[in-house]
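Q: Line by line, the protein sequences are chains A and B. Those letters in the first sequence? Residues 1 to 159, per the working numbering, in order. Those letters in the second sequence? Residues 1 to 517, per the working numbering, in order.
Do not take every clue at face value.
To be verified - Selected chain B positions facing chain A (Cβ under 10 angstroms, derived; list incomplete): (1) 28; (2) 32; (3) 100; (4) 153; (5) 211; (6) 212; (7) 280; (8) 281; (9) 390; (10) 433; (11) 440; (12) 444; (13) 483.
As the list claims (entries may be wrong) - For lysine-lysine, the following DSS-like pairs were computed, each having C-alpha atoms within a straight-line distance of at most 30 angstroms: (14) A/60 / B/285; (15) A/76 / B/123; (16) A/112 / A/76; (17) A/60 / B/458; (18) A/76 / A/60; (19) A/138 / B/134; (20) B/278 / A/22; (21) A/76 / B/322; (22) B/247 / B/285; (23) B/297 / B/285; (24) B/247 / A/56; (25) B/278 / B/212; (26) A/102 / A/56; (27) B/212 / A/22; (28) B/458 / A/102; (29) B/212 / B/225; (30) A/60 / A/150; (31) B/134 / B/278; (32) A/56 / B/297; (33) A/138 / B/278; (34) B/212 / B/134; (35) A/56 / B/458; (36) B/127 / B/278; (37) B/123 / B/285; (38) B/247 / A/150; (39) B/123 / B/212; (40) B/322 / A/22.
Treat the hints as calculated values from the structure; they're not laboratory data. Positions of the beta carbon are idealized from the N, C-alpha and C atoms, including for glycine.
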Amino acid sequence: MADDVAHTIPALDAIIAPYVDKTGGLMCALNALQAELGYIDAAATARLADAFNLTKAEVKGVISFYEDFTTRPRGKHVIRICQAEACQSVGARTLTQHATEKLGIGLGETTKDGRVTLEPVYCLGLCANGPAVMADGKVKAQVTEAAFDKLAGVEGDGA
Amino acid sequence: MSRIYIPHDTVAVALGADDVADAVSQLCPDAEVVRTGSRGLFWLEPMIEVDTADGRKAYGPVTVDDVASLVSAGFADGGDHPFGLGPTEDIPFLKNQERLTFARCGVADPLSLADYEAHGGLKGLHKALEMTAKDISEQVMASGLRGRGGAAFPAGIKWRTVLGAVADQKYIVCNADEGDSGTFADRMIMEGDPFALIEGMIIAGLGTGAAKGFVYLRSEYPVAKRVFAEALAHAYDAGLLGDNVLKSGKPFDLELFMGAGAYICGEETSLLESLEGKRGEVRAKPPLPALEGLNGKPTLVHNVISLCAVPTILAEGADYYKDFGMGRSTGTMPFQLAGNVLRGGLVEKAFGVTLRELVNEFGGGTRSGLPVKAAQVGGPLGAYLPPDLFDTPMDYESFAEIGAGVGHGGIVVFDETADMAAQAKYAFDFCAAESCGKCTPCRIGAVRGSEVMAKVMKGEDRETNIDLITDLLEVMEDGSLCAMGGMTPVPVKSVLRHFADEVMTPQAVSSGKGAAS
């Protein structure tokens with residue numbers, strides 16, 4: 001995950017190199033950087049601009065367009081709660097409210113200790129089995145408040 | 001050796017199927033565990049099946065704690081157990097469907113090409129390899145297939161256009177950016193029958209003169225990504241893809257391309273921009289992607305389900321496919337029952353089935369047990385329909401007549417606790433969150449719409465504010481570049497039209513309570 005050693009120029013270039021001549025290579029490189037490093041910082045942005053013959057502003061424009069790309073590290077655990085209609089119809093709004101209260105953060109925020117990032121997501125394809133949650137990349141269906149607390153590691157916390 | 005089928009479908013996995021599979025492997029060391037797609041009976045997942053003398057038998061929903069008792073009951077040989085569902089094909093939800101596109105999903109081993117062929121796979125491709133490009137695209141034209149992604153554009157016309165375009169390079173692009181809430185058909189088939197999509201794309205290449213394809217998959221589908229990537233590798237190993245498709249001398253290459261969390265990339269021109277590594281901002285049309293698409297080259301862009309319908313059309317003939325459906329809505333549609341529904345899942349039926357049959361008979365009403373208040377059909381850009389319109393046949397023309405659309409076939413059920421004004425406001429909020437920002441009516445309109453709707457919900461000057469919203473909707477509808485801004489008015493208008501009393505009365509003030517709040 002994100003540590004400064006991994007962000008050296010040769011390390012960044014090694015991640016970027018396989019995608020330089022591909023169709024949509026910038027998207028592939030961004031996905032790879034995000035997966036490898038956990039976020040895309042200024043150094044990575046500069047290397048991408050160089051590799052794809054773009055301005056840094058153009059690269060930043062692409063980064064900011066997509067929800068998956070971040071310019072800062074997310075929390076140790078990332079919990080995404082579906083906000084879309086199918087999950088709304090079975091209580092996603094109440095679950096989201098519970099989650100934000102329990103963790104003391106809003107959607108898109110990270111707990112002060114850096115442990116949990118809470119994010120909205122619009123549909124995980126579990127629309128007949130909501131409310132749906134993705135916790136550290138793993139999908140969970142029919143998530144109750146108790147099940148959420150377990151996922152977020154806040155069982156028994158008096159929030 | 002007995003075979004035990006356990007889905008690796010996202011729904012089954014989200015409900016613990018991986019643990020169930022591990023437990024079954026441990027307790028039944030002599031059995032072969034086959035991870036399949038889902039049959040689409042999602043309220044029964046994880047649903048496991050076994051081979052018996054009388055065909056496949058199902059058990060579900062099974063948790064890891066139930067495995068020991070299933071083993072004692074001799075489930076691997078079809079033994080009786082409280083979770084026994086009998087012969088799978090006799091379960092009414094499944095029995096009353098017409099599965100063409102999803103015939104193999106949940107049945108065959110999705111990662112075995114041999115199993116795929118044993119269940120009728122590659123028949124369409126073998127036929128196509130004997131045909132001219134023109135004959136292939138004319139078969140698709142004759143089938144009456146219309147785009148299943150939502151726009152319902154006649155597929156054959158696109159095929160003809162791409163075939164007729166002269167270029168050194170053409171592309172087949174599969175839109176697997178299934179972002180509509182209430183839909184999961186693309187995901188299900190990519191997890192349950194990925195070779196069908198590969199076969200459909202190769203046929204599309206043969207029918208239009210393209211030798212290169214991309215599948216643009218949303219990142220919210222990690223299971224589909226894993227399964228499809230594995231299927232692609234198998235297809236290359238078996239010579240189904242590459243320089244010499246099934247030793248025909250014809251090439252077709254296929255790549256999986258991952259999105260990064262943007263609903264708008266389900267719009268075809270936005271998708272193409274993204275596939276070129278750019279911000280997913282929509283393009284003005286013309287030029288049509290069929291003439292100037294990916295990298296400026298002629299490109300056939302189709303939804304997953306459209307492409308997965310193609311092998312059946314080639315294998316069985318255009319007439320066979322066309323005999324399903326009604327009017328100009330031919331063939332079958334995978335309807336997806338979602339939201340607050342008792343029996344949620346996938347129902348593939350010929351066009352013409354009514355919403356009532358789907359929601360009440362297949363779906364069994366709401367999961368909460370409360371009366372149905374509305375069903376939103378066709379995703380976030382689809383209309384909210386009250387039960388008194390549920391007798392409308394599900395076909396493109398009948399739905400257009402009531403100001404609605406079939407879209408990608410998603411049906412989200414809401415019970416009586418739903419706050420319809422809040423749903424209308426959400427339509428604007430979603431548009432504001434997901435707009436690409438290129439055109440003003442969508443970018444600004446969505447934000448203003450949400451603000452004004454909030455005033456209506458607070459009871460501020462309702463009449464005037466509703467007039468303002470109505471004006472705004474007209475601007476968005478007529479002035480937006482694509483369906484995102486152009487169709488956000490659909491759900492809003494449907495709420496204002498069918499649930500006007502609720503929106504206009506003080507009781508409608510959002511209470512923040514109830515299942516749907």
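Q: The structure should be examined with respect to each hint, and the outcome stated for every one.
A: Evaluated hints:
| no. | hint | verdict |
| --- | --- | --- |
| 1 | 28 | violated (25 angstroms) |
| 2 | 32 | violated (26 angstroms) |
| 3 | 100 | violated (21 angstroms) |
| 4 | 153 | violated (23 angstroms) |
| 5 | 211 | violated (14 angstroms) |
| 6 | 212 | holds (9 angstroms) |
| 7 | 280 | holds (6 angstroms) |
| 8 | 281 | holds (8 angstroms) |
| 9 | 390 | violated (16 angstroms) |
| 10 | 433 | holds (7 angstroms) |
| 11 | 440 | violated (18 angstroms) |
| 12 | 444 | violated (18 angstroms) |
| 13 | 483 | violated (16 angstroms) |
| 14 | A/60 / B/285 | holds (27 angstroms) |
| 15 | A/76 / B/123 | violated (49 angstroms) |
| 16 | A/112 / A/76 | holds (11 angstroms) |
| 17 | A/60 / B/458 | violated (39 angstroms) |
| 18 | A/76 / A/60 | holds (24 angstroms) |
| 19 | A/138 / B/134 | violated (45 angstroms) |
| 20 | B/278 / A/22 | holds (13 angstroms) |
| 21 | A/76 / B/322 | violated (53 angstroms) |
| 22 | B/247 / B/285 | violated (39 angstroms) |
| 23 | B/297 / B/285 | holds (15 angstroms) |
| 24 | B/247 / A/56 | violated (46 angstroms) |
| 25 | B/278 / B/212 | holds (20 angstroms) |
| 26 | A/102 / A/56 | violated (39 angstroms) |
| 27 | B/212 / A/22 | holds (13 angstroms) |
| 28 | B/458 / A/102 | holds (28 angstroms) |
| 29 | B/212 / B/225 | holds (19 angstroms) |
| 30 | A/60 / A/150 | violated (36 angstroms) |
| 31 | B/134 / B/278 | violated (34 angstroms) |
| 32 | A/56 / B/297 | holds (28 angstroms) |
| 33 | A/138 / B/278 | holds (28 angstroms) |
| 34 | B/212 / B/134 | holds (18 angstroms) |
| 35 | A/56 / B/458 | violated (45 angstroms) |
| 36 | B/127 / B/278 | violated (38 angstroms) |
| 37 | B/123 / B/285 | violated (36 angstroms) |
| 38 | B/247 / A/150 | violated (54 angstroms) |
| 39 | B/123 / B/212 | holds (21 angstroms) |
| 40 | B/322 / A/22 | violated (40 angstroms) |
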